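Novice: I would like the entire structure built from these sequences, with the hints used as guidance.
Each protein sequence line maps, in turn, to chains A and B. The first sequence runs 1 to 548 under our numbering. The second sequence runs 549 to 1084 under our numbering.
Hint data in this document are derived by calculation from the structure and do not stem from the laboratory. Just to be clear, a hint being listed does not mean it is correct.
With a cut-off of at most 27 Å between alpha-carbon atoms, the simulated DSSO-like pairs for lysine-lysine come out as follows [claimed, not checked]:
1. B/753 <-> B/577
2. B/1062 <-> B/623
3. A/25 <-> B/1062
4. A/347 <-> A/278
5. B/1062 <-> A/193
6. B/888 <-> B/837
Because the structure is a prediction, the values reported are computed rather than measured.
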Amino acid sequence: MRFLSAFLFGNALTNAADRFLPPWKFVGTVWPQPQSMVVKEDYQILDANIQFILTPDSPQCDIIPDVFQRYQALIRSHFKSASSSKKLKFSSSPAGVIDTIEVKIVNCENLPSQNMNESYTLQVGSPSSEKVELTAMAEWGVIHGLETLTQMIHDIDYRPSINSTMITDWPRFPFRGFLIDTSRHYLPVSVIKAQITAMSWNKYNVLHWHIVDLESFPYQSQVLPELSFLGAYTPLHVYTINEIKDIIEFARLRGVRVVPEFDTPGHTDSWGPGAGPKFLTPCYTNGKPDGTRGPINPIYQENYNLMRKLFTEVNQVFSDSYLHLGGDEVPFGCWKSNPDITDYMTKHNLTTYAQIEQVWVQGMVDIAHDLKKNYVVWEEVFVNGVKISNETVVEVWKGKTGTWKDTMSAVTKSGHKAILASPWYLNYISYGVDWEGYYNIEPTDFNGTNAQYELVMGGSAAMWGEYVDGTNILPRIWPRASAVAERLWSDKSVNSSAAARWRLNEWRCKMLARGLPAEPELHNPNIDPNYGYCPTPFDPFNNAHFLF
Amino acid sequence: MQIFAFLIGVTVSQGPGYNPPYTGSIWPKPQFQDVRSEVFTLDAGNIKFIPQIIHDGPECDVVHNATWRYGQYFKDLSNRIKPHEEFETDPRRKRSLNNNDAHPTVSTVTLIMPGTCERIPLSTMEEHYDLHVDGAGVTIYSDTVWGILRGLQTLFQATVPIMTKSGAVEKFEIAGMAVQDYPRFHHRGFLMDTARHFQPISVIKEVIDGLEMNKFNVFHWHLVDDQSFPYDCNHFPHVYAIETVKDIVEYARVRGIRVVPEFDTPGHIGAAAKGQPGLATVCYDDDGKPTGLLGPADPTNEKNYDFMRTILTDFKNVFHDDYVHLGGDEVGFGCWKSNKNISDWMYQHNIAGDYAKLEEYWVSNVLNITKQVGFNYIVWEEVFDNGVQIDPETVVEVWLPYHPLNTTRDVTKAGFRALISSPWYLDYISYGRDWVYYYNYEPLAFNGTKAEEDLVIGGETCLWAEFVDASNYVSRLFPRASAVAERLWSARDVTDIKDAQARIHQMKCRMNLKGIHAEPADGPSACPIEFERANY
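Specialist: This is the structure:
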């Protein structure tokens, strides 16, 4: 469908790209921009006791009561600021009072998945001026539709109102991921939940949970408890299986998948103490073990057995059909130094270290197959020439200055699905405004055929954990991650950061009002004379309950 | 995936980034600290503070407030730390984090203060203190209430919570020690900019809590700038009422922190100008038409000096400090040059074409008014750089990033006192461990004479607020500002980065426990109790 751009108060916005536009013209706009949105000038006011009902022909999807409760609370919060004691002079009159949101669902999917249907249509003002009609193919579209609807609320004459609007919306990419890293710093469960909530508001649908790495092993396995007992920062810095299941359920209620990553064979130092003496490769200097350890030792069957035991449990804990197998930055130096590995390679006619890496990766892929999991790997597995099956999804993370395009081209040319992460490492901070750089990336901007572009599953932004913990992770992610969210959800033609900036400013203000500490980095007030403040400055004591 | 930033070959049983957070290390590092081998149990929930103040009276309220506060802090600390919910049923976690040997208990903290009490921290404040911990208890000795405050903070930091197997705090321990401590520099400031983004009171107080923990003693409040005039004025929606400002000043006072307000003129007055017609110079284009833009203050309008007198008198009533900051940075001459009234006036006053002289006219008038009102003053370095004639007692704040050591040398050579802020602009962020750069800057490395070095009264770290508000303010500030705190308090030879790394991490965890959003500035690590926003 052709993208129809329409804003509120059409006349005032004829010069939408004008950087001096005052921000209040953008109340009621939506982030990420829907695929098709037609806004009219007439409006309805909202009834404070607005009801949510399911049409009789809709199936009862189990997440819906929770979804309705959340959005009812968010919509009602708009009435707190409206003053009833003020003697109001109305400059215009509403076309009606909306007291009902009528939701129609075609089919329940129950679990968010790679094939989840997130589309919805939303009608405000017509055919009825008393009720909003929201139609979704599955429950996920209900979440997105209610989110869109809530963002459209703005005060007219101090009364929460919505302009008559027609929206048809669906995501451009099915995989819109965000990576958190709980190894470099442990993140409290409440912080992870707040992150999931914010992701859902921004229509992200995948939490890529980089749960362990070389620094610490916080996944508390019941079948291999020594891994976290000896590999976590302290025995307190762990996620129990119950906590993880709680997080996954929290995410499901918000239409977000949780894809865990257990990165091997590199990045595994923290596994060593709990996994036993044969797990990590002993490195040699001058023909003798020097006491240091390298990647997982791929020549011992015990190590594959351990992984099978672990992944069998992981498969039961994480309901998503995808597993991230890692595979990045495997240093070959230690393997090269180790005589046992050299012997093994000679015996098995392996001539390159990529081949021995392949032995390990093949082992992991076999386990994933047996568990009926799909899997994602980091680009090195592909680039090193490790033979992988066609259904392997390759995540491209290198070359943020532009060489990612070559990698995306090569990956898709060989028939693999690709996820782009390179340009969206939000942990790399710099002074000033940087969201425009993230926004201006086009994931299909590489040499390829249409068939290749079809293989781009989506993208993933990342906040690696070296310098973030519960004190600062949320403001460092938001609203910069919102820029990526729009790139992955909205139509390809929605690509002007100049046109997006005040709408994004408005969205940040809304997130602040909902209790999310989204930082102010959208404009430089020294350059923007009309720099907009938010009507409600962030107060950490305000509305935080919307986050959890 | 992530580039290997912290590749460590050997794994230890607790993650390689883990630093044991409570060894009782002190930040900033004391001038002299002799830690003995005895260890005492401190009965933290029931500490008895015994103030021995020779000249006690109502003016000694800072000490009495402090004993109450610190009693609370110790209690809060033990209450904050709660066992993990599943902990008790999970045998895997039942591992003691510390050994649990029995030690003799001390429960008294004697505060000996022979001097007279000062109610208000001023530029003359002294902060020397001695701290002793032995079998007889804890003793803090100081000539001033401010030294008592600093000693109490050291005591707080030296106290190590001992956790039970269930993760709760069972008791507190403290090593026997003798500390003799005093600041290297007199003026250890932090500049808070509430003009570019409004900062709520809760954030300002959290900042001041952090300043106290880091032994900063000056809160430089940049209230007004081009973007807003939040100081009790009707033109902007988010303003601080006078009562609120007084509340902040009081909050800082009892923590031994001076509040030095800044009213930046003649540039950066955009917001104030909106409420005060005639204050700012009207700018003209080449055709002699007003451009609609306003420039610096108009020095030729005599009414503007009345306005300055009103504001400064107001400041004097609200802020008790003996100093005010008069700004004076980044004065562009272009608008003055475009304005015919101003050129005419300059012609009449025989300074035609000499805009530095015009600036000097403004500055010297404002300085006179300031003196009459009863303030000493600090100015940004341009006032000095531009050759404006200023009184010898003016404090010059060095902030431009170009060769700050040379500027320090020039300022002190000319006989002025200098404050250093150039290397410590925390708003300029970059990826990684930037606190090390702040830590490594040595303000006296300018090859000056002893007399010139003595003129460097200290420094200020600044967090300009273009890109910070309540969502990210405190985490951007701490512990990066802690690096500056140690540079300004501790001895010049305290430069060991490895030692500082371990201690600044512990300081971060300690600030977190106190409810301060100090971020993990030094790479992968863990605190025994992680900071949660849900803790609010």
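Novice: Now tell me if each hint is right for this structure.
Specialist: To see whether the hints hold, each was checked on the structure:
{"no.": "1", "hint": "B/753 <-> B/577", "result": "holds, 24 Å"}
{"no.": "2", "hint": "B/1062 <-> B/623", "result": "holds, 11 Å"}
{"no.": "3", "hint": "A/25 <-> B/1062", "result": "violated, 42 Å"}
{"no.": "4", "hint": "A/347 <-> A/278", "result": "holds, 20 Å"}
{"no.": "5", "hint": "B/1062 <-> A/193", "result": "holds, 23 Å"}
{"no.": "6", "hint": "B/888 <-> B/837", "result": "holds, 11 Å"}
Violated hints amount to a single one, hint 3; each of the other numbered hints is respected by the structure.
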